[in-house]
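Q: In order, the protein sequence lines correspond to chains A and B. Here our numbering is used: the first residue of the first sequence is 39, the next is one more, and so on. Here our numbering is used: the first residue of the second sequence is 4, the next is one more, and so on.
Since the hints were made in silico from the structure, they are not lab data. Certain hints may be false.
To be verified - Heads up, simulated SDA-like pairs for lysine to any residue below, C-alpha to C-alpha not over 20 Å straight-line:
1) Lys176/A / Ala191/A
2) Lys176/A / Ala256/B
3) Lys176/A / Gly186/A
4) Lys176/A / Thr258/B
5) Lys176/A / Tyr261/B
6) Lys176/A / Pro259/B
7) Lys176/A / Ile260/B
8) Lys176/A / Ser257/B
9) Lys176/A / Asn188/A
What the hints assert, rightly or not - From chain A, some residues computed to sit far from chain B (all C-beta separations above 10 Å):
10) Asn188
11) Trp256
12) Leu313
13) Gly373
None of these values were measured; they are calculated from a predicted model. For each residue, glycine too, the CB sits at the ideal point set by N, CA and C.
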Amino acid sequence: MAARLVRQTELAGWASGALAVAALPQVLSLFQVVQVTVFLIFAMLALSLDFIWGIAGILSFGQAALFGIGGYLYGIVGIDLGSTILGLPAAMLGSAAVAALIGYVAFYGRVGSMYLAVVTLTVTLILYQVMGSTADPKYAIGDARLGGYNGMANVPSLSFAGAGQALGPAEFFYVVGGVLFLALAFCLTLARSSYGRILQGIRENEPRMELLGYDVRWRKLLAFVIAAAVAGLSGALFASWGNFINPEVFSLPQAALVVIWVLVGGRGTLWGPILGTFVVQYLTSLLGTAGASYTTIALGGVLVGVVLLFRRGLAPALSEGIGRLLRLGTAAIAGRK
Amino acid sequence: MDQIAVTAIGVLFAVSTLALLALGLAIIFGMMGVLNLAQGEFLMLGAYTVLIATARGLPVWIGILLAPFVVGMIGIVLERAIIRFLYGRPLDTMLATWGLSLVLVGVVTVVMGPTTEGVATPLGSVEIGRYGVSVYRLVVIAISVATVLAVYVVLRHTRIGMIARATMQMPRLVAASGIEPQIVYAATFGVGAALAGLAGAVMAPLTGVVPSMGLAFIAKIFITVMVGGPTVLLGTASAAGTLGVVESAVAYASTPIYGQVAMLLVALVLLRLLPNGMSGLWRRGL
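Bound-form chain B, shown alone (with noise of 0.2 Å):
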């Protein structure tokens, strides 16, 4: 009994995290059609926001508070310089935010030194049974399913969330209303990226915080957003539910690196089948 509670709250671990990591990608992808290779940095720039907040001597969780607002301006700095230029050029975008990505990873290791350092995890943990259970881990869960709630709130509920799916439809009839959709462009691709700092925040006192840890990411998410498809919350939901199950069965039967093969070989075959991603089967939604 006690080991079926800690197996499931280790699945929606799993399945709550991949969803907070990839949000933020499924926000700049499935709205503006962007594919953000340097997402995973987003990742590590949030995870450094909170290793230099606690180094100041500032708690843990102001680091994870501040970290969205910092990557979110570095996110709106580089759309403005960088991203705008290339819309409608989805492979060129790739390329540049590629490029992006090493300059970013080149530059923090620069500046803090390729060693790994770490974040110790707070709250200590909770005995179930026999079972210890980090309750960090609990609060992670409880942030990620937070986080994907408010933005659907956002989204379908607010003159702003109505704003930008607007402006992903006809930029135009938008700007005929006297909304600039330049920036909202830069407002949402900000979005994209503060979700990524939070979620690199989140995760840096469980990882470990080094210049390369996006790497550690980025295959999951954007295996999770093209699974997922180009619907924003379905898909990603769906998608983090099928593949955090399949990946953290697996890890916990051999090894994580196992995990993540697994749930490539399942992508694979779902990308055969459902080549609009799983948010295909439902046609409309958010």
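If we strip away everything but chain A, and leave its shape as in the complex, we get (with noise of 0.2 Å):
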């Protein structure tokens, strides 16, 4: 009975989410569509925390820079070799691939959990130097000018036709949107599997499951590289959404940011940072206004917030606010009965 309430349930988020992504180009101007395509991109990349940190209990502080290597990778391949098509695969492949050394330094290393966020988070730290360095023209690999804190700019839109018939911004919308359905549906069926099942046994113990015969180490590698894959592919449809890609996606605050989205959302519920991302994005869209000082204050401000008072995430507390809100109420109309 219980559980074919929960697959009724489910069945219902997804149908409505379905029906949202389909009827939203219909009712917003052009400016939304464009703004909610990018919110998608971002809900992908925080879909990838949520995947390794949620799931696996792997907090890494690098995924945006996956994402921004995956930006850059679409570029450089997008201009060079002309197809847009190829730039997706390159991206994970190149995220994945970064990922991998990363993960087994990290992981067969059997180094803690702190110092895989030192790792990823001094990674980050130091491409952004890196990229922000490459502002000479010699700095370019075939036509794809790397550009340094100004970016690579004209970074081909993806198109499926070839050159010169670039997806318009609805089609790009649907197709971010079809792709964001299928990575989250890729991601919950991989953590109802029996790997997803050892992954949460990971998170909750690990010396336990280590115990037990099962051996963590490529296990977790193996979902880090996934969820690299995973942001990767963001930051190629986000490279092609604004033709362009700068070393801000390196940045402290765009790391932070992510962890936000994860954290606002709800950790290990895969379809909660989806939500947070939205959230915190339209926010941080408001106060855009005041200057980009204050938006770094507020965000700093809700990491400590959250981290001080909801463990857990903003959505489960609400949530469970109001769970208990509802009884109470139906306990006090039923005493007064």
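Two chains, each in its own frame: build the complex with the hints.
A: In structure tokens:
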């Protein structure tokens, strides 16, 4: 009975999500469609962090960096080979390869969870400086100039038919929405498979899983690499969205933002961070008129506040609170009778 | 000959400043297990103390002396207000201090403006053969060495140092001996912050002062502390020695950016080989 209810709720969730994505371009203005597209792209990045952090319990500060690597690779492949379709797998593979290298050192060296967080953060910071120092025109791969802090311009938009026939804003919106749905379904399926169960076991008690005979090293590495591929894909879509990518994707506020999306949405649900992204990005866009410094202060404050007050994230705390209120309400009505 | 001497001073400068910059974090991490992501912002606050002091007409040296006290007080306030609720939750502490670092950068940008301000480098330079060497750099080397030695003496040979070490090992026994562990935690965090303030203040005349200046140092500091491992002084010194030489050698040969990249790669290899950090080799020590 309860299981059926859960299944029905989930089906309803998928259906309403699909309906929303299908209907939005018909309802919204062109500007809003473009805006929501980038929210969807960011949501995919948040999803990738939640997969390793919420499911496997590995906190990485480098998801934004893998996102950025994906974006740069998409730009390089798109500009040099003229094929944006090839850019997507190139971005996924490139980000996955970088993650495999870092993950190999971290998981096979059995460094602690704090060390992994610091290593990923350091890689992010150094990428920021390295990419920022490529302003000289000699730093180019083929025709793709890296451009230093100004970034790489002229990144081609995603197109299926070949150069010059890029997707329109609404079509691109549908592609991004579809990819996000696939990524969510993929991550959910994986989380519920036996492999996903083992990952959750590692999250809860790693030594116990090892004593039960599971090799946690390659399983954590694989989860890290899968999440990196998802992050790389979203980075490629981001570069296509703005026709542009710059080192800001490797900056600390950007890296913190990904963590905040997941924290606000609730860890381990996979769909929660998608909602979290929408809420946070919408609020930031409202704040944006006040100036970048105030946005940074607000984001930092949110990070401190959520960690201090709501350990499991904002959304679970909210839904728990509402549930308690409802129960109190029904109890009060029952009491009056 | 002159060139060798100048290069040696360069390497010594890289190693000793790396140790000075990392020392505060090494104390906070090594003794309390707290990885403070706002450490770079403590450096920045130290540098701003010097900037404000010199703008008021005080000598640079007074600013450098003031910085540890100012930043140490800020550290103690933040420890009481935020950090103390998060002991035993290392990842949450990282997230909270990260938020703190964003807030500090934002607030300083709003108050002081986003531009880079310079502090004049005092003392001029001396000639070594055909090369000129800034005297201030030599003084910085001396300050770094003196600070590391002072921390060693305090931790090893004073009653305060003993209480601090005891609190980190067995807080309940310390509490039973009539000393409040909470005060020791606050003081230790304050000392870590004060050392960052001193390091930032010392660097201010060399690097310029800007709200985001913590970023330039934070990667190096983290790598040094991670590679050093949890042993405060031995780890920091050996890691700073190794990584400082790597960084300055590569930076001489190419650019400072590649120096940092080389440092990161060496650190990754070292972490793979020595997961407990370099001080894991010695097992005991400070």
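Q: Against this structure, judge whether each hint is valid.
A: Taking the hints in turn, this is what the structure says about them:
no., hint, result
1, Lys176/A / Ala191/A, "holds, 16 Å"
2, Lys176/A / Ala256/B, "holds, 19 Å"
3, Lys176/A / Gly186/A, "holds, 11 Å"
4, Lys176/A / Thr258/B, "holds, 15 Å"
5, Lys176/A / Tyr261/B, "holds, 16 Å"
6, Lys176/A / Pro259/B, "holds, 18 Å"
7, Lys176/A / Ile260/B, "holds, 16 Å"
8, Lys176/A / Ser257/B, "holds, 15 Å"
9, Lys176/A / Asn188/A, "holds, 15 Å"
10, Asn188, "holds, 17 Å"
11, Trp256, "holds, 16 Å"
12, Leu313, "holds, 20 Å"
13, Gly373, "holds, 37 Å"
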